[in-house]
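Asker: Below, each chain spelled out in residue letters.
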Amino acid sequence: MKKIAKTKLQELWRCLSAEGALYLPVRSDSVVDFALWQEDVPADLETLNTFLPPKKFYYPQTETVLKYEFGENLQLLDASSQAGEKTILFGVRPCDTAALSLMDKVYLSEPVDEAYRRRRENTVIIALGCREPEETCFCQTFDIDPGKAPGADLLAIDTGTELVVTAQSLKGEELLVALNGVLQEATSGDEIRVKDVQEQAGEGYLTRVSVHGLAEKLDTCFASPYWDRLYRRCIACGTCTYLCPTCHCFDLQEYAAGHSGERVRCWDACMFTDFTQMAGGHNPRPTQKERVRQRFMHKLNYFPRQHGGEYACVGCGRCVRQCPVNLDILEVIREMGGAVDGQ
Amino acid sequence: MASNPLLPQVAVVTDVRRETPDVKTFRVEAADGRELFAYRPGQCAMVSLFPVGEALFSITSSPTRIGFLEFSIKETGVLTRALHEIEAGTEIGVRGPYGNGFPVDFLRGKDLLFIGGGIALAPLRSLINYCLDNRDDYGRVDIIYGARSSRDLVQREELLVNWPRIRNTGVHLTVDVRSDDWDGNVGFVPAFLEQLNPAPEGKVTVTCGPPIMIKFVLQSLAKMGYQPEDVITTLEMKMKCGIGKCGRCNIGDKYVCKSGPVFTLAELQQLPNEY
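So the protein lines, in turn, are chains A and B.
Quick note on numbering: this note's numbering labels position 141 of the first sequence as 141, and the sequence is numbered without any gaps.
Quick note on numbering: this note's numbering labels position 274 of the second sequence as 274, and the sequence is numbered without any gaps.
I should point out that these hints are in silico values taken from the structure, not numbers from a laboratory.
Glycine is no exception: its CB is placed at the ideal position from the N, C-alpha and C atoms.
Treat each hint with caution, since some may be false.
[Unchecked claim] Looking from chain A toward chain B, a few residues come up when the C-beta cut is under 8 angstroms (computed):
hint: 1; residue: Val65
hint: 2; residue: Leu66
hint: 3; residue: Phe70
hint: 4; residue: Asn73
hint: 5; residue: Leu74
hint: 6; residue: Tyr107
hint: 7; residue: Phe222
hint: 8; residue: Ala256
hint: 9; residue: Gly261
hint: 10; residue: Thr276
hint: 11; residue: Met278
hint: 12; residue: Ala279
hint: 13; residue: Gly280
hint: 14; residue: Arg285
hint: 15; residue: Arg305
Isolated chain A, as found in the complex (with noise of 0.2 angstroms):
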């Protein structure tokens, strides 16, 4: 266990980007987002959601999967073997560390994706606990502990003025050694301070509702009148499913000109009425009811049933937070049978 004061952050960024590319939340104008650090930019370690997930890290909006040449001979290669640079992501909260491991159950999974494994690979994951929950928090729900992230290289913790560091894979204690020159031994009264903020992480949230048993449930609810209720407000604008930290769906484009062209891969969204209209005009989701009934039973019901029970769901709140005419996936929950204690 490790610890750097607050006020030398600067010091220890400017070790870290000697060592891959840094990428922290830092706030331009009302957003904050991952940005590439830059010595005279400060960090916004206060707010609790950066605007989009550090998914596009691992699965970036828009990607080149093969490039080809058409002319005389037809050649193909392969863009994935230039995927992944060495990258360090400061900051990455619990929700969005537990979303990683959720969308490694996709690309890792065989057939793996080469170009999400490379990436994964070179990047080092410094996780930063949270202190206290915002409104649209509920990870708890999802069984994540806000002040934890087991998925992370590092895990640090702000005791008030200090950050302390604990190492938490191969990754993260070489990334300490290297940083031996900015960082100071924890002391034991450290190790307890870490453990009081840990503890009160867990406190304070709005919103507590049991998922156990859930996705069975939901088993008998495909054809419930609920869902020809919800989906009536929804604009299929598709926010959701961007800002979504387990959201993985994706489309292939082509972007070609003269002899040559590339296969892109970019992210897509069941919200969308051609997401799976085919040429022939049949639709299996015909309209916006199939599509927003979509959206909740995969992340409820049908990702838990592909993958040992785990929901497609962290309780981030970005979907609760930004969807424009307040679709809000704790009333599906609870409206599913999700039971609420303490309310």
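Starting from the structure of chain A, add chain B where the hints point.
Answerer: Relative to chain A, chain B alone:
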């Protein structure tokens, strides 16, 4: 090093055969003469035409015919329209095989009833030729096939000449619309099926067609006494990856590209009705 699962192999279209006014069959071989990949009847492959795009098609050739793949493709959208414009010699991309394929071991020793409509003969043809190439392994084979008109019969030579000649094999054709050059049955496939009324005992049926045909054929088969475990069908969904990651071809918790496209009616009855 693991490879990029979205990277196709380069292949050459060695033959283009016109089947109907809007269907062509493309024979595809590896550019370097190797086998592209081993596959089972009913499996699919992603076909790329550069720079237009990529889509999933069922492989219509049988793995018993070695050295090439065949795809029967109907001119429907942007990609298939462009494919219809290419000539033999064109290089394309192919990756696969994808999907579960037909349960050929389960079918062994049984009488088989194939029911197809329109372009959906494509996946059935792979299994039909597989069974007929291993003729002693299977019982009686009956093929009920319907098209919009006599001009729209896909694989005309096999339907009219090759398959009826094989022992213990019957081909029963119908068209939606009467014409001067057609003296066979006129009517939709489900009605024709009920009219032929093949007994369910010892028989497994394999059905593929447009969604509306499948819907009514399944109803007819239930009425005729076929058990859901003995009714096999294949489904179609929009797909981008073919490997269970792009997230759009699911019915409930099953991705059609991985768990399908072949399902028994018993399996479909466990899934939400969204296909």
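Asker: Against which earlier hints does the structure fall short, listed by number upward?
Answerer: none
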